[in-house]
Each structure stands twice: as structure tokens, then as C-alpha cells.
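Based on the sequences and whatever the hints tell you, model everything.
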Amino acid sequence: MDVVASLEARCSATQLFALVDDLSTYPQWNGLVFSAVAEPGSEGAWDVELRAQLGPMARSKRLRMVRTVRDPQANTVRFERDQADGRSHSPWVLDAGIVEHGGVCTLTMHLHYGGSLWTGGVLERVLAEQITSGRERLLELVAQTR
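For any residue, its number in the numbering used here is found by taking its place in the sequence shown, counting from 1, and adding 8.
It should be emphasised that the hints constitute simulated quantities derived from the structure, not laboratory data. Since this is a predicted model, take the numbers as computed values, not measurements. Careful, some of the hints might be misleading.
As the list claims (entries may be wrong) - Okay, the calculated beta carbon distance ranges per label pair: (1) A13 / A66: 18 to 26 angstroms; (2) R145 / G94: 31 to 39 angstroms; (3) R78 / V112: 18 to 26 angstroms; (4) H118 / P80: 16 to 24 angstroms; (5) D93 / R18: 42 to 50 angstroms; (6) S141 / R95: 28 to 36 angstroms.
The beta-carbon is built from N, C-alpha and C at its ideal position, and this holds for glycine as well.
See the structure below:
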């Protein structure tokens, strides 16, 4: 499953990058990310719990995500699943990039999931709903940091 979403915000790229560069901020604005706790003593690894509600059913998934790319000059960041247990796991990859032009930033995020548990039309619909509501909450956070 591959999902691409974008938003435009009137702010600096630095402000927006600070919010997408740290997975600990995601539960504030991304409804799919229930929790994201930085691993003690690590630089760029988080214990993440994803949750999706499907009517009376809910699915959750715990992942260890590691920031594998961080370029503040280019305003790009990448997070990849890395369970660090020696076993093979379905990939989760999240790329975020920001382009600033004339006081407006465009954030584009690409989520790739290579497994089969979290696929299907219903889950994709839930993800689309979370993206829409997440845009609004992220724009509110950006406005608060001005």
C-alpha cells in the first residue's frame, strides 16, 4: 500500500520540519499514531503504536521506527521500521519533504506499507479520513508555533 498526501501551510519550512522530524509530535496531529515514545538513549528511534477504528473493530500495531534520513537543509526526513530483533518484518516507510516558496510551505508525505494485514479498501478509507483530519490539526499546531 502506498499513500501520498500533501498540505500547504503559511509558515517557514523550519517550523513545519520541526513537527514532522520528531515522531513524538505525531500523536498530537495524526490520528493513526496513538503513541510515539522516543527510545531512551537513542538518537532517532521510537516505539510507535498505530491504531485504526473500523466501526466496532479496532486494529493496532506496535512498531519500532528509526529515522534513517534527516536533512534539515533540504527539509526531508525518512522513518523506517526496524524491529531490531533479527526477524523479517513487513516494511513501513514514511518519507516527508517540505518545499517553501513565497512564505507558503508544501509538505508531501509518502507512506509505504509492504504487508497484508493493514490493507484493503476499508482501511484505506480510514487512513484517508485520518489524513484529512490530521491536516487540520497539523495546521493548527503550525499556527500555534508562530
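So which of the earlier hints does this model not fit?
Hints that this structure does not satisfy do not exist here, as all of them hold.
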